[in-house]
Amino acid sequence: MKKHLLFIIVFLCSYLSTEAQSLTQSENYVYSRTYLEPVTASSSTAKQVQEVTYIDGLGRPKQNISIKSTPSGKDLVTPVEYDAFGRLVKALLPLPQQSTANGAIFTSPDASGAAGVYGTAANYYGERKIENSPLQRLLEQAAPGDAWKMGSGKTIKYAYESNLASEVKKFVVNTTWTTVSGVAVGTPVLSVSTENTVYASGGFYKAGTLYKNTLTDEDGNTVVKFINGKKQLVLERKNDGTQNIDTYYVYNEYGQEAFVIPPAAVKAIETAGNVISAATLDNLCYQYRYDNQDRLVEKKFPGKGWELLIYDKADRPVMIQDANLKTAGQWMFIKYDRFGRVAYTGIANNTGSRAALQAVVNANTNLNETRTTTPGVTLNGMAVYYSKVTAPTSIAQVLSVNYYDEYPPESPAKPDAILGQNTLAQVPSSLTVNGTTTSRSIKGLPTAVFVRNIEDSQWTRDYFWYDHEGRKIGTHSVNHLGGYTKTEAELDFSGAPKQLITYHKRKESEIQVVVKERFEYDLQNRLKKHWHQVDSKPEELLAENTYNEISQLINKKVGNNLQSIDYAYNIRGWLTDINKGQMTLADLGGKLFSYKIKYNQKNGIDNPDAVQFPGKNVKPKFNGNIAEVDWRAVETVGVNPSLTPKRYGYAYDPLDRLSAGYYQNPNNPNSKENTEAVDYDINGNIKKLYRTSVINAGNTAATLIDHLDYTYTGNLLTKVNDISGNALGYEGGGNTITYDGNGNITSMPDKGISTIRYNYLSLPNYLDLSRNGNESVVINTQYSADGTKLRKENITTITGISGAVTTKKITDYLDGFQYLTTENPGGGSETLMASSFSARAMQPETFSLDPVVTDPTIDPPLGGGGIIVDLKAEGLQFFPTAEGFYDYQKDQYIYQYKDVAGNVRVSFARNGSGALEIVDVNDYYPYGMSHLKTGNAFYGVGSYKAYKFLGQELQETGFYDMNARFYMADLGRFGQHDPLSANTLDPYGYGYNNPIFFADPTGLEGEPVPGGSGPGGPQAIGTASSPIDVGEIVLNPPIRAVSNNNLATCSYCMTGQGKSLTQQLNIPGPPPSPRVKDCRECNDAAMAGIVLPIPVASVPTGTGIAVRSILAELAGSLRAGLWSLPLILKGDTPEKEPTITLFRGVHSKHPDLANAYLGNAIPWGGPYSAKEHNNGHNNSMFTSWTTSIDMANYSASRRGPGGVILKQTFPIARLSFFDRHGENEVQVFGPVYGAQVIKSWDNGTWTPYLK
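1 is the number of the first residue of the sequence shown in full-length UniProt numbering; add one for each residue after it.
I should point out that these hints are in silico values taken from the structure, not numbers from a laboratory. Every residue, glycine too, gets a C-beta built ideally from N, C-alpha and C. Some clues are possibly wrong.
[To be verified] 25 Å max Cα-Cα, derived PhoX-like pairs, lysine-lysine:
1. K808 - K872
2. K872 - K890
3. K619 - K596
4. K557 - K528
5. K47 - K619
6. K267 - K687
[Stated by the list, open to error] Cβ-Cβ distance ranges computed for the label pairs, FRET-style:
7. E195 - T242: 25 to 35 Å
8. G329 - T378: 33 to 43 Å
9. N349 - D294: 24 to 34 Å
Sequences and hints are given; from them, build the entire structure.
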């Protein structure tokens, strides 16, 4: 292996020396050059990305250089240092140099430029302290920066012990097998051990029988993991300051996870004298059952009914049923083609048992469906050109159809070329590039996806056009109303979009809207300028970006310099300031918003009332939590805000849960105004919430609006008592809240909601609400089978003295274009309608009404002489842009300041006179409810001003539509069971009880806030969740450990029909967050289809992120722009060891990048198991790989140019499968050498690497 490696190095050096004369010839090195524009011969002047890694005599990387990669064309150098034992104990940050050496090694890299990007520090590196033993276990880890350096006391520490006697309870499982129709399923029975063996005694593990690993974060919070000899997590223990918070993982006799016992269940079992009741299991625990082929076939989550799966002979889920489907006597089915791709899906009516239907599937000799030239199925208004031979053969509904390899009959005419780029056809065509001729066609590519509306039999039909590189350059989507959205993209050589054009009509008979976008990049493909044009209106410069020497966005001029927004970061890459230099200026220097985020600093009060809020003090935080935020916002142009900033100080408990958010009025910081304080039960559910508003006129104390006491059955919130007696905030009433079999709220009398009904995706499609005795609201919502929200009808009736007024408002959501139409206005009083609570999202004391024009036909109206100036699309209100929205009614670009979590704070625009105007201003409580009586906050049904918290749409009910679920910001909870609770063990909570650090705009699971790097915010190369270059651990896990179930998965989509137009193709730079409106793809614990959209096909877009699992491939979406899963299991015969091909993406700032260039993957070393490594604890003997090359693409490209992808085939026995976040992730034990280096990232597309 070593000889082979040295040969490659020598070959590369000699081959490239003619084009890289400045490379240091006395050193070993690996040099790469990736062209960003087409060349026919080697060129030193072409647009390109160059990297060189110098290797020492032991074959170790010693310096990595990104040649001319900074915005000023200088080198970026990352030195690599080893200790006396050859261990990598320091991970240095990339150092920007004062010039370029054209690839030559820097004998003494210049660190003087580091202060300009990182700030002043004694340690521009992360550091690790490793045990001086053959085990070389990690003992301590320090992050870059003086505050976190080794010896500061603010490091992460690791301890390794074994358990004590009576420290860990021992649960056991006895499985009984039941065989029905030849199908055997095991039923596990849980109990506390009564055995007395070498391992257990008195219901506990004996001393020394478990590994005990303790992690202590920078703030002294600890997590203790107990692991058995099979490397399985048995117990995760935390402490809230008064008691242990324990989560147990229990395995059956075959090593399969059978039960997860959360803290409340542990307490209930202890209280009952180790007796485990059925109520405890059903209300609090996670239960899994397997068949005799090691397949998960039944599962039950707390508060939900049983969910069932049926598999075919290829172990693919083909029929799925949840509690609501069971009540209806229905199953969802999935049918595949011979390549394992989803062909079509639907609903089958069958009241048979799971075992009986599994036997039917087993008896069917047909495994796959085949394409047909005539319809094999015609149902629900759709002719399906596939056979119908696999089980079930009797079907009631077709929900989606996917086509591959060729276009289906009745497809629209494929354009021969799009923006000058020839398109691929079904008939192979020859292409000659640099003297090499290949034959290319659409064979192997998805060509069309048809998705039915759930509530009726209308369909959305999507078609896809590709260039000769197989890149998607065009789409043609025919919506359920008969209109269309067409997109065209011109891609450059690297795959970066040069221009995008979108053509849209709601209906065929209506006016077409045309949106054009074009992009300009620098020499390293960083986005510099983004232009936008609607129809024939003047082109708008949406954004002009400026980057620092490590490619962090430091300034963005929006609206052709309508506002110039500055961003600043600390040494760990965390966003610290927006418009820092203007915070102390009376007029903010003409800017509208200044914002400061303080992590390990604090300037405000500790606690406004230590008696009322004991132990809830604001303290500097070093583990990534935010201690304080300051802000100043202009609410009226020309009126300066208070020179003293507004401030929130945040207090946390030892579990990193938010315990209080203290708003500090600039004039009276101890007033307790806008305060939100929270207490939690042992399971992490909110049990008490205290909330105030401002001081009302004539009073001296803040107004108490909520003093809530929560009552639960298991995790189901059944009652909320408001001791305050104030109807503001939460309405109060203490009435019973009811749920359906899937754990979804069906009535909430306190809010006047008598009925909520759901479709099979657990999305609410009917809601009936009444308020104040005179307002009745019925909301009907329509979705497509992939979970995309298509239409909402609001029928509101208000009764006054002179009669009733009824208004019907219809909102259409079509590919990001949002329409509003008003029907049957009723001819009543506008004043009466203006008194509607739902018109202000149930918060009339918070929002002013936003007047919305619903049916304009011309703009401007008929002028002198009766000339129509500009026809407009009827009812179209707005659509999103990369920086906010385009108000179609006013032909006005709306720009937005957002805070670190992505909450909309200030919306502004240029008015008709060219002057700056402010259109909306918002402040929020920590859990997302809007402040009362502060700011110029507006709300309107069908208005862009309804998009507020996390940029999501606030509904008339006061709920936020978080895509997969609705969120109640006044209660800090979701109203539906989390589809990913198998991962999070947090069925209804928001953001793991830390809404300052975690955001959850998808309704799936909380993810660390991106330091403002979401849409509309800065694109940092490091964030609180992904710091620059150093793989530290940020200890902010949920109260319950991440599930150890290796089938717990999720599938996100990148776009969906609610996508922003600018995200139809990925723009180079940090990939956009996969959290987009109306994207509802998810599944949990292999239940693909139970709580997930109907599976549709997947399609490549070059740089698309494939966040999906093996079974989540079933939920792949064409709108997601994702490849099909490239999972290839080999070795089907007994004489051949089973293997699998995996990929590993290593980004350009990864400390192991130099090893990756050599085809190596070296574990960091440390105590953590594969599962723990999977969940962010990188100090282990594992490295992360994936079955999905697109996931590897994302991992390699997410930090800019210079990443790399490895490919290797492994024996199955070497692997540990733990899929985190649906990333297809697989953990490989030990170092890997000599993997194939197949691709390199050039900030726009992938091209073959030198090897």
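* Which hint numbers does the structure go against, in order from smallest to largest? -> 5, 8
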